[in-house]
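2 protein chains.
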Amino acid sequence: MSDPRHPAATAGGSSATAREHALALDAADPLAGFRVRFEMAADDGIYLDGNSLGRLPVATRSRVLAVLDQWSTELVSGWPDWIDLPLRAGDAIGALVGTAPGEVVATDSTTVNLYKLVQAAVELRGGGALVTDRGNFPTDRYVLEGIAAARGLELRIFDSDELYGPVEADLGGLGAGDVVVLSHVAYRSGALADMAALTAAARSRGATLIWDLSHSAGAVPVDLRGAGAELAVGCTYKYLNAGPGAPGYLYVAAELQRELRSPVQGWFGQSDQFAMERDYDPVPGIGRFLAGTPPILQLAAVEEGAKLTAEAGLAAIREKSVGLTKLVVALHDEWLAPLGFELGSPRDPAGRGSHVSVDHPRAWTFTRALIDAGVTPDFRGPDSIRLGIAPLYTSFAEVWDALDRLRAIAARDDLPDAPPARVT
Amino acid sequence: MSDPRHPAATAGGSSATAREHALALDAADPLAGFRVRFEMAADDGIYLDGNSLGRLPVATRSRVLAVLDQWSTELVSGWPDWIDLPLRAGDAIGALVGTAPGEVVATDSTTVNLYKLVQAAVELRGGGALVTDRGNFPTDRYVLEGIAAARGLELRIFDSDELYGPVEADLGGLGAGDVVVLSHVAYRSGALADMAALTAAARSRGATLIWDLSHSAGAVPVDLRGAGAELAVGCTYKYLNAGPGAPGYLYVAAELQRELRSPVQGWFGQSDQFAMERDYDPVPGIGRFLAGTPPILQLAAVEEGAKLTAEAGLAAIREKSVGLTKLVVALHDEWLAPLGFELGSPRDPAGRGSHVSVDHPRAWTFTRALIDAGVTPDFRGPDSIRLGIAPLYTSFAEVWDALDRLRAIAARDDLPDAPPARVT
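Taken in sequence, the protein lines are chains A and B.
For the first sequence, this note's numbering puts the final residue at 424, and the numbers step up evenly by one.
For the second sequence, this note's numbering puts the final residue at 848, and the numbers step up evenly by one.
It should be emphasised that the hints constitute simulated quantities derived from the structure, not laboratory data.
A couple of the hints might just be wrong.
Stated by the list, open to error - Cut-off 25 Å, straight-line C-alpha distance, at most; resulting in silico cross-link-like pairs (SDA-like, lysine to any residue):
{"no.": "1", "chain 1": "A", "residue 1": "K326", "chain 2": "A", "residue 2": "S15"}
{"no.": "2", "chain 1": "B", "residue 1": "K731", "chain 2": "A", "residue 2": "T73"}
{"no.": "3", "chain 1": "A", "residue 1": "K307", "chain 2": "B", "residue 2": "L489"}
{"no.": "4", "chain 1": "A", "residue 1": "K326", "chain 2": "B", "residue 2": "D493"}
{"no.": "5", "chain 1": "A", "residue 1": "K307", "chain 2": "B", "residue 2": "K731"}
{"no.": "6", "chain 1": "B", "residue 1": "K731", "chain 2": "B", "residue 2": "E444"}
{"no.": "7", "chain 1": "A", "residue 1": "K307", "chain 2": "B", "residue 2": "A524"}
{"no.": "8", "chain 1": "B", "residue 1": "K731", "chain 2": "A", "residue 2": "K326"}
{"no.": "9", "chain 1": "A", "residue 1": "K326", "chain 2": "A", "residue 2": "L23"}
{"no.": "10", "chain 1": "B", "residue 1": "K731", "chain 2": "A", "residue 2": "S15"}
{"no.": "11", "chain 1": "A", "residue 1": "K307", "chain 2": "B", "residue 2": "R459"}
{"no.": "12", "chain 1": "B", "residue 1": "K731", "chain 2": "A", "residue 2": "L23"}
{"no.": "13", "chain 1": "B", "residue 1": "K731", "chain 2": "A", "residue 2": "E74"}
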């Protein structure tokens, strides 16, 4: 209460709004020790955008340097060690999303991986529509739009509940031969879909469902096999902390691997890769979804990021994530709602992932002011401030301080509108 | 002649076979200073596999570290700097292959890029066959095979001259609507195709030609616009020294960009990328061939590698390359031919790129022994030893020493056959 940097704390209020409460939660945090596993400058402020680009793990810098050393000294002789890295990194991710070894491969971008799986699913079972919900991430929609046009298929975008994303009832229109893409956690609202229920709903209608785990893997426990999921893709540079533009991954359930073929046939998916004079004959396993030579520097970062997350454990990560997002919601209700904010995320922690959106018509102006005040959130137009919670390095005190600064900004009556700008 | 490590030199012979000749060429080499621009350990032997994986430039290590620092300290604020990197790196490559700015983008793997261009070309002008020559790199063939099967198109593989690759006459069977993929330098023989003549031949028959520059860019002057070429792809980890699995690139002539659409629609190809609630509307320029988030660490290495090559200049690189490959051929004729070798590359320097293949039924056994003797060549089954010449760091003395060791190995009558092994 006596910290002069936080006068708001001296104003009293409920225990949830007292900074001491946040400090006590940090003191009891079993994951607190993971904060130092990331590079963090003393002055780099409060980072609530790990849902867009995660921080650099200390081990990843060493690992990238080791790959540079290996390239420098072993040259082409490094390949026997590198060649299985897409599968090793894939298995490291698989351990976080509930798959068996050999069901995930890390390669290409999330977009390219989704393209491969949608094309492969249409080829195997298609003929129906390509389907997604309006709240899904745009690149998923663009992929479907392109394939639908190329193949002359119907593209069906269904309206999902703004806060709760696709719910089982919304899949009622699905028919046999449809291929559906849904996000496990919605990029805007943070709504967490019921993977098992939706997978069962799609399957019962003869549709093939592809999950996008980009905003859930690494922050939310995912159990692909337990949910009966057959296909998934995801991103590694958010909660898996693999760095800007690091490769994505894809999952194909073992049962489906032999009959599913990638549309992009390349030499890394070819069986007996170096017997060059043969027709294409894809490897039996998940490796058939490789195409060109995989990017080794960035795949090494993918493996490190996934291993660090596994070390912390997803149960602990989820528990802390829920605690942190509950604090955001509590402070929103107490401080921001009276200033005209609306909660843009599900109120029940069981129904949301690891980011919380707070919406306000002046969200862009507040975002710019927050950045000037040393807090990095994520803006999504037109009116949403996403507060990303990365439990491995976000503290309760940071959340408290960020919300405290946001309410001070929003309470100002002299804040000019920020000029419209390109948001990256 | 008195160097005790090189007893062969004391045996006399023509001037081309004297080690002093090689040393004199090195002494007069205007590119000799570029050798120290690459990391090279004192004991890492003679590396003649830069046509498979180039060495690590000193500047690239610094640049990768700078990107790590930027990720660490700027986090998501690094994106305004990173977001144009695929185009910047593309322009750096474009300066080496004869394009205007804005005609090349660095992204994805060579395989994925070829897939995108073949699909786009078929969509725009297709209906005919997909065509390539039997000597082309396997992944190019696999891509075509996959697309032909998916679209119900004919796949036509024509026999090319084993040494000279596709020649103009071989394109006689082309018809309107065909899409052809040819390598500028053949991966096995090193044959250098006549890009202008083949491009004109394809065009006169109404076919669309896509060049694969993987084994030429960075070692051989390429003039895409001068040759009238419309489309190309290539690799950056060979003569462009961008590191294991670094992204490839693609070229689309400016005139064609507006009408050509990538089959893989993703958010990095979308105009007004962050206005998320819109249908897909690709950017007007080469950026429409981006799909997912590009891998920044490895794209930084691409840009560095291309800039280093530009600094040396392709005229000087080509002149040295020709000198080095002429030395290989001369030493082959003098030393290896009597031991049962055959030259697997064109004899005329104007008709070959920067590697020379020497063929022998025991090539694999000799390759293993060469590696044991401190020389790294590249083996391509069943009988070819590829000697890759990277003029920025390969010296004439290294070529002389490598061939000297190879002849000593091949002359042994006690060398057991190497066990068959997976070649990487």
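Violating hint indices (sorted, rising):
Hint check: 4, 5, 6, 7, 8, 10, 11, 12 fail, others pass.
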